[in-house]
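Asker: Start counting the sequence shown at 1347; every next residue gets the next number (our numbering).
Honestly, I wouldn't trust all of these hints.
Claimed, not checked - In silico DSS-like cross-links for lysine-lysine, where the CA-CA straight-line distance does not exceed 30 angstroms:
#1 K1545 <-> K1413
#2 K1406 <-> K1396
#3 K1370 <-> K1391
#4 K1402 <-> K1391
Hint data in this document are derived by calculation from the structure and do not stem from the laboratory. Note that the structure is a prediction, hence the values are computed from the model and not measured.
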Amino acid sequence: MVEWSQDYSIRNHHLDAQHQELMKCVGLSKVIIDMEPAVKEDKLKKLIPKLLQYAKEHMKDEEEYMKRINYPFFKEHRASHQVFMKKLKEIVAGFNDIDKTSVKLFEFLDNWLLKHILEEDKRIESFRNCLTEINELPYNLQQKTKILDERYDVSNEVKHRYVCLCHLKVHEVCDTLDKELQANHSYICCVSCKSPIIKLNTELEKNESKFDDLLKKYYIE
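Modelling step: build the complete structure from the supplied sequences, incorporating the hints.
Answerer: This is the structure we're talking about:
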């Protein structure tokens, strides 16, 4: 059975979280196989609608992400999503045989998720990494700040708040570096999580609920 590990990460926080939830559904489908018939039927009736809706939402988000980064294999990837939904609906259509349905559902989800994430979704990560590397500065934040400090008095400059994927971590970026990053559309990665640090704007600071939107827009992890 597929279990989440960082090996499956496609360096997009939002999509990774969705993959983890899908894997939980796979785990539950395996447990259901050995349940008593009456309990098994009840659990499947609850799992299947949730799975269909969640898979639909995930694929929509993943396809929007691929469009944003101009992923060259978007059509092929979307086609694989369509095949998944069609096969899943076919399995659900055979619900009159609870035992067979539970086994088929688990085997399909387990095999498909492993193949899809490792082979197809990881290609998205590879492509995104290539894009990121084009404008990624060859220094971390501390190194670049030290270099700038030799030419400018950056310690007394206005500081701009940036965030990454580290929990509750905020990076302070001097004004000179902030202007360079914004003007050149370049990136500096966090030393810890290795993801680009993204400017925390005023709107986001006032509305924390928009943080997920930020993650979906940029990450890259």
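Asker: Take the C-alpha atoms of K1402 and K1391, compute the straight-line distance between them, and say whether it is at most 30 angstroms.
Answerer: With Cα atoms ~17 angstroms apart, K1402 and K1391 stay inside 30 angstroms; holds.
Asker: For a C-alpha distance cap of 30 angstroms, please report whether K1545 and K1413 respect it.
Answerer: 22 angstroms, holds
Asker: Measure nothing beyond the straight line between the CA atoms of K1370 and K1391; if it is 30 angstroms or shorter, mark the hint as holding.
Answerer: With a Cα-Cα distance of about 16 angstroms, the restraint between K1370 and K1391 holds, given a limit of 30 angstroms.
Asker: Sort out whether K1396 lies within 30 angstroms of K1406, counting only the CA atoms.
Answerer: 15 angstroms, holds
Hint violations for this structure: none, all hints satisfied.
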